[in-house]
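Counting from 1, one number per residue, gives the positions in the sequence shown under UniProt numbering.
In short, the hints are calculated from the structure, not lab data. Among these hints, one or two may not hold up.
Straight line, CA to CA, 30 Å or less: simulated DSS-like cross-link-like pairs of lysine-lysine [unchecked claim]: (1) 80 x 121; (2) 77 x 24; (3) 98 x 116; (4) 43 x 77; (5) 24 x 98; (6) 71 x 116; (7) 98 x 35; (8) 24 x 43; (9) 35 x 24; (10) 71 x 98; (11) 113 x 98; (12) 24 x 113.
On a predicted model such as this, the values are computed, not experimentally measured, just so you know.
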Amino acid sequence: MSTLSTSITYDETTTLIMMTLRGKAGVDDVVNAYKAANSYASKHQSSKLLVDVSELEHRFAAIDVVNIMPKVAHHVKNMKIARVVGIEGFMHDLFLQKVQRFGINAENFECFKSAKEWLSKS
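Construct the entire structure; sequences and hints are all you get.
Right, dumping it as structure tokens:
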């Protein structure tokens with residue numbers, strides 16, 4: 001069962017799309033969140049996405065990450081992604097590893113400031 005809360009904003013001064021995901025997410029929730037981020041990024045002509053998943057709990061098995069990556073990669077293929085992750089590191093590391101295999105420029109960070117600085121470097 002999904003109890004996901006999603007917030008997406010655009011920071012005009014840094015041209016960053018910022019998305020926060022909180023709660024419990026299923027496979028479809030994750031795909032739909034990145035689809036929404038892509039739509040928002042297109043609207044604001046931005047290719048930089050800062051995603052805060054530090055308060056996100058995955059409600060699916062690790063193997064499902066492999067299955068959803070082609071869908072997620074399709075929505076973020078032209079984006080640079082910084083992800084602020086929480087203590088549930090295994091799923092976040094797996095997600096990062098799989099999305100990078102699709103040629104997506106993405107990194108995980110422990111704090112918002114480091115993630116934002118990394119995105120600003122290009």
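Going through the hints against the structure:
1. 80 x 121: 11 Å, holds
2. 77 x 24: 25 Å, holds
3. 98 x 116: Given that 30 Å is the threshold and the Cα spacing comes to 22 Å, the pair holds.
4. 43 x 77: At roughly 16 Å apart (the allowed maximum being 30 Å), residue 77 and residue 43 satisfy the hint.
5. 24 x 98: 21 Å, holds
6. 71 x 116: It holds: about 25 Å lies between the C-alpha atoms, which stays within 30 Å.
7. 98 x 35: 17 Å, holds
8. 24 x 43: 27 Å, holds
9. 35 x 24: 18 Å, holds
10. 71 x 98: Distance of about 12 Å is within 30 Å: holds.
11. 113 x 98: 24 Å, holds
12. 24 x 113: Roughly 25 Å separates the two Cα atoms, so the pair holds.
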